[in-house]
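Required output: the full structure, derived from the provided sequences and hints.
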Amino acid sequence: MTKLENIAPSARVEANYVLDINDLLDDYTSAIDRNDLEQWPELFVSDGCYRVLSRENVELGLTAPLVYYYSQGMMRDRVTALRDALTYEFVYTRHVTSPPRLRRRSDGDVAVASSFSIFQSTEEGVTRTFAVGAYEDIVTQTEHGVKFRCRDVMLDSFGVLNNIAIPL
Amino acid sequence: MKTAATTQWPASDFTRVPFRVFMDENIEQLEQERVFDPTWCYLGLAIEVPKPGDFIITYVGRTEVVLNRDGDGNLAAFINSCPHRGAQIVRRMRGNAMSHTCAYHQWCFSTTGELLGLPLLKGVRGKGGMPKDFDKKSHGLKMLRVEEYNGLIFGTFSLTIGPLFDYLGPKMRPQIDRIFDRKPRLLGYYRQRIPSNWKLYVENLKDHHGALLHLFHATFGIARPTMTARVTLDVERGHSFLRLANIDEVKEETRAAYAGTDKYREDYRLADPSLFDVKPDYDDHVTNVIMSIFPNLMLGQIANTFQTRTIRPKGKNEFELFWTYFAFEDDDDTAVEGKLRQSNFIGPAGYISAEDGEAGRMVQTGISSRPHDSSFVEMGGRGEMEDADNISTEVAVRAFWKRYAEAMSLDGEGRQ
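These protein sequences, in sequence, are chains A and B.
Using our numbering, the first residue of the first sequence is number 1, and each one after it goes up by one.
Using our numbering, the first residue of the second sequence is number 169, and each one after it goes up by one.
Since the hints were made in silico from the structure, they are not lab data.
Keep in mind that this is a model prediction, so the values were computed, not measured.
Where a beta carbon is used, it is the ideal one built from N, C-alpha and C, also for glycine.
Be careful, since some hints might not be right.
Reference excerpt, derived from the structure (chain B facing chain A, CB under 7 Å, subset only) [as the list claims (entries may be wrong)]:
| no. | residue |
| --- | --- |
| 1 | L355 |
| 2 | P363 |
| 3 | L383 |
| 4 | E526 |
Below, the structure is given as structure tokens:
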């Protein structure tokens, strides 16, 4: 996918579209932090892609992802598994994200980049920094509003604290 | 103070494991000296250091070690600590260099550990410098013995241990050959910091939890106790492997085996099952191999994923699980893509492997105030330790503790 850095800064995005994109990004973190995980796949187009990548692997040119869901169905399967099948520690999460950088791509979609920190808090209210990294997104206009075509979660903290259960 | 070395082993057939061994303050150093240093420890794959000068940082127990190739392409490994004042010498995880210089006082070493030179050897204007009897030859790096088997590289600090070939032994080698009969191609690394003692993960590699904890294993037929199964032990060496094949399974038996649990779910459907739509790598119907080489290496297969996992202790309550995920040189694009798809099973976020980290956390949390109690390890029977044709057994766990206790010089009663 064309990285935001490779698109000329002159490829500006109209103000209304910017507002819609900001809403999409907010809806994403809000769905996860409020444990409304069922909403998470709905923020993608049906053949959308969600990947979690290790910065170590990316810098080495190695292709193995930590998570590689290439359809909304796979994302729904993850939610079903989280609700119904997987054994993992319950935690509250909180995302803190940077303001996004935006560039219009030649195909009309928008490349979006932002940084994130994710904190986890246990059921006894003890907080740890769980993950730090960057989102690299391509968002697109659909008849149902602005959606992610793909979201890559680039992990600086690829030495994962135990495991990744819910989406980052 | 009572140390782990004097912990009473509560059963001579190792059907009990004293929780103290997972939390004792003094045990780490003893394990370094008695379990890791004198055995063959896995350092990495040959394909990670393909060219002369290539190096990676790796570990023997908690000791940081540099594995590299000299100018002739021969492997060498040394402790990553300067013989001068102890500083870490190599400071990047990987790279290529024909010599290594300690940044602190510029002592420079060859890839095979000889001290090549140092500044101010003779001081300045005849003043200072090293004593006249300083001999570079006696200030080289602390080297390991290094040997390779089928592209797997091991190192040891022991001068007396026999060849790696014998250490791996006749029962494990054919299983290693099955995977490494083809040259691997690196796909990536995964790292997990699991909040438990490293030995809890060794137990995890050797017991019957796979088909019980992991709904995905059970429901989608990667590992079920009713599949054709084999637990093979090398009791003398402390190795084992669990192998499951999708052969001769009877549905009624499966239902009966999972009666009362919610792990085998015939009603469970995936919205996108393409995860499972990958052509098997071998025609032997084997879906799951968990091979455990003493002390801290796992080699294995889950469906189409092949990997090494190294258990790197990071204190008594934490270890890094370091995964090397690979395809094979002769895999075509479709096969590689299938392995990327199935990365969703493994690693820190994988449908199966994420749960193993949680298992470690659960046990470490559960036992934290019970140092004087023991676990109960009798699934599969007591007494003799023998191979099994089923996975309803914890015999491989007992065999690990036997080998561990021998390495730590504990007898069956836990005495030195």
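Each hint, compared with the structure:
1. L355: This interface hint holds because 4 Å falls under the 7 Å limit.
2. P363: 6 Å, holds
3. L383: Result: holds, 4 Å to nearest chain A Cβ.
4. E526: Hint holds; E526(B) Cβ to chain A Cβ min 5 Å, cut 7 Å.
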